[in-house]
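Undergrad: The residues making up each chain are set out below.
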Amino acid sequence: MSSRFSRSSASLCFSGAPATVRTTRPTGPRTAPSTASRAVRRARPLTAWLTGMALTVAVYLLFRGSATLPHNDDAAPFRLIGDVRDWMDANRNESPVFLFLVNYVRLLVGGLYDALHLTLLILGWAGTISLAGALGWLAGSWRGAVTTLAGFGAFGVLGVWRESADTLALVLAAVLLSLLVGLPLGVWAGRSVRLRRLLAPLLDAMQIMPTFAYLAPMVLFFQIGPASATVATMVYSIPPAIRITALAVERVSPAAVEASTALGATRWQTLRKVHLPMARATIALAVGQTFMMALSMVVIAALIAAPGLGSDIVAGLSRANVGLMLPAGMAIVVMAVVLDRMTAAAATREPAARDASSTRLGIATATTLLICGLAAARFLPAEFPENWVLHFAGPVNEVVDWAKFSWYGVTEATRNIATETVLNPVQNVLTTAPWWLVTGVVLVAAWRSGGLGPAVTAVCCLLTTALLGVWQHTMETLTTVLAGVVPALAAGLVLGVAAARSPRFSAVQRPLLDAAQTMPPFVYLLPALALFGASRFTAVFASVVYAVPPVVRLVEDGIGGVSPAAVEAARACGSTERQVLWKVRLPMARGAILLAANQGIVMTLAMVVVGGLVGGGGLGYDVVSGFSRRADFGMGFAAGVATVLVGITLDRITRGADERPSRKVPRKFPGKRRRGSHEDRT
Amino acid sequence: MRIGRKVRLLTGVVLALALAAGCGGARVETGTSPAPPSTDDTVKIAVNPWVGYEASAAVITYLLEKKLGYTVEKKELAEQVSWEGFEKGDIDIIVENWGHEDLKKTFIQEKKVAVEAGSTGNKGVIGWYVPQWMADEYPGITDYRNLNKYAALFKTSESGDKGQLLFGDPSYVSNEDALIKNLKLNLKVVVAGSEAALIESATQAQRQRKPLLFYFWKPHWLFNRIDLARVGLPPHTDGCDADPKKVACDYAELDLDKIVSRRFADTGGKAYELVKNFSWTNEAQNAVADDITNNGMSAQDAARKWVEANESVWSAWMPH
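Listed in order, the protein sequences are those of chains A and B.
Heads up, the first sequence is in numbering that gives the first Met the number 0, so the first residue is 0 and it goes up one at a time.
Heads up, the second sequence is in numbering that gives the first Met the number 0, so the first residue is 0 and it goes up one at a time.
Since the hints were derived computationally from the structure, they do not count as laboratory data.
Treat the hints with caution; some may be incorrect.
In silico lysine-lysine, DSSO-like type, Cα no more than 30 Å apart, as pairs [stated by the list, open to error]:
(1) A:LYS403 / B:LYS209
(2) B:LYS269 / A:LYS403
(3) B:LYS209 / B:LYS148
(4) B:LYS104 / B:LYS209
(5) B:LYS187 / A:LYS403
(6) B:LYS244 / B:LYS66
(7) B:LYS269 / B:LYS66
(8) B:LYS180 / B:LYS245
(9) A:LYS403 / B:LYS148
(10) B:LYS180 / A:LYS403
Chain A extracted, bound-state conformation:
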């Protein structure tokens, strides 16, 4: 809608300006159509759209209830997958794949976890805190040291020191392994277009795959326990390591590479002396992202007996005890913030500022800190002192109970109204519509926004969910995604525009967004569950809260990036602020807003699936139940695959016509990239 506004009115005043600006944006140039054809295009799509809508509704009413694909718990694909599972289960101790590969991987990964865990145990709480402080100092001098000291101290004060140490060991093990595999692969992919093409769909799938869907196969291969949990976490956290590293290496200035080659450097020398140093900051970002992904998985991995904080959260969920899970949830957030800040600080440190003497000073300070800590550890008790711990489970539960009791009417009414007026009708339409009609609508939508290629992909993916036997549940999941995406985009747009227009608002909002984006999805379920009980609405609510921050960030970045010249020009033409917003800023940030919509949808989908744990229904529930009941394994696995397919379908529909190479950016990437480029300039 908004784009059509712009092409007519804004360009009438300063013809051509938006087109020139647009070409400078990374989202790709667009040839501006002539004014005359613009007017025609403005009228035509509207009528075409209305006709299409009317036609769809008519066809739906005519064929409602026919050619639906109702769910069957005993569908052939489920049984087939179940049989494969049984075969693997039976051959675990005979097959060479297990004897010589899988079992060794388990041994190795388990060994690494044990080693790290033991190290933390030997260091004790005081030693670990001081080691963290020392590393924080090395990464970001006193600021870094204070952050890490306070953060690690918080684990103890929250009363979850032991659990935090378990989780930290698991995260470190998973991240080390991810980087060991991911960084070389990323460097290689950055230099080989072919490998990049090969990896792209695989990484896409890995990132869209709901975290739960990883668990059932993990149990099959590695059973349960820390080793299995580490592998699951590692698999989940590898994509950003590969992806961002590849991006970093790919972006290294070709001139520098050419110069290096011309001077007679070998490929290896060029890689070491040109590619890696120049891509250093971005690669550090990859490390940070890998940490974030690992932290969000490590909580869910508690379901397969990962030790640590996740266990408290799972226990709290099953007992509806917010007081039990709150300290663990807070510790996870703190851990995420500390690790994020540390990698960010290490990445953005100016290399030039680090001369030999200051480095020596830094190391000396860090060593002193560490030695002090270790010395202190000898005199301090082995367990974190009980009277330093802040106990707030009781009061928190009282507050939650009070809120539940006194808001019961409101929350209950909100939930029921939303369910009755939005969720049920939409779900009813989607599940009673013939499959070919839904497919047709998807085909048209994807074709219009992206062209033939994406349309074919979208339709193929959608139809495969039918072949997997989960069509009806796919439609149910689609309902919850649609219900979540609309408010998430609306809220994100409003907040993003507000932030772009008021620097003060933006300054207040940014740290909140940072915190929100470092929180693992699981944590979002807690308040939703406390307020609304278990239902589809709860999952939708959590997904809205989860998806808003990245949308806000992308919208703010997009609008903030609009050329000041264009805005000035519009003002000079006598436009009011409102006109400037609607006719210049929003239309010109169209690419960024589309990207925000796309990200919002993918995030909503991820959360809706996790919502299977709190009554979310659809594919998410299938995945949960397939994981926890052996008989449902086939259904759970099929549902996991179907989620990926739904994700790809939605992605292709919202991708837009821009030729954007793999812009499935990780959660915080856009914000970071901008921050980085600012510093480059100064």
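Position chain B relative to chain A; hints supplied.
TA: Quick look at chain B alone, frame taken from chain A:
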């Protein structure tokens, strides 16, 4: 150069860590090797997500730790997932097993990684319940043949045009879908997600006289607080639930039992003795579970309270 130095520093740190780990590495076991040498003083107990189970696990844990000097690791896991931990030593004990003949076949008879360790003394039975006031108000509602007549009462925003049958945690033992299909009931299973959600719904149903049909089980402390009436399904006969797809009968009353890993049975020593001897009544479990849920006690405190008051019971479990 700078990078080089950094790399060297990093290598040093990693090496130091590896060394530190290597020195003590022999002692650790998290079941990473196919047959880990259990350090004899750590016992790993699965904690399945319902409070009755937690009560039994808490008392066993308390006795193991305070009376026999063991260390206990508790792992929050779903029922069926817990069994996967027997093979590699991630789980030693499942404290309260509800039937699961298929799992027994796989893990005890075929894989031979687990063994039965006797009854817990608790009699468990799953069923469908309505609040007692509904049974009084709507004649015949406790007969499944009349459920369709009353289905409209149970409608909610989650169940659409059918009546809602509220279910618990997704991992619980369940024949609900098959029962609804085979008994041709106009009901829809709605998953509450947890035991706590079931209890809350039942409490609301009692207080605010809201109709509710839900999945529940005995032993449970809730029966001491709210009057519930069980809905009669076709009576259970031997083997009527053999094929999960064709179940059309009520749940059997189960003798709940303990399952332990084979390794623990062989090398668990006194801890295994205690677990094998553990046996108590439904009332005892309910008392501990009630303390955990409603009296603000941690599992450990509730267990201590029971242990201190019932020495005559648990002293019989102690190994000699």
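Undergrad: Work down the list of hints and note, for each, if the structure agrees.
TA: Results of checking the hints against the structure:
1. A:LYS403 / B:LYS209: Holds: A:LYS403 and B:LYS209 sit about 17 Å apart, inside 30 Å.
2. B:LYS269 / A:LYS403: This hinted pair is violated, its Cα atoms lying about 46 Å apart.
3. B:LYS209 / B:LYS148: Since the Cα atoms of B:LYS209 and B:LYS148 sit roughly 17 Å apart, the hinted pair holds (cutoff 30 Å).
4. B:LYS104 / B:LYS209: Violated: B:LYS104 and B:LYS209 sit about 42 Å apart, past 30 Å.
5. B:LYS187 / A:LYS403: holds, 26 Å
6. B:LYS244 / B:LYS66: Violated, at roughly 46 Å.
7. B:LYS269 / B:LYS66: Measuring from Cα to Cα gives roughly 11 Å; hence the hint holds.
8. B:LYS180 / B:LYS245: The hint holds at about 9 Å.
9. A:LYS403 / B:LYS148: Violated - the C-alpha atoms of B:LYS148 and A:LYS403 are around 33 Å apart, more than 30 Å.
10. B:LYS180 / A:LYS403: violated, 36 Å
Hint violations for this structure: numbers 2, 4, 6, 9, 10, all remaining hints satisfied.
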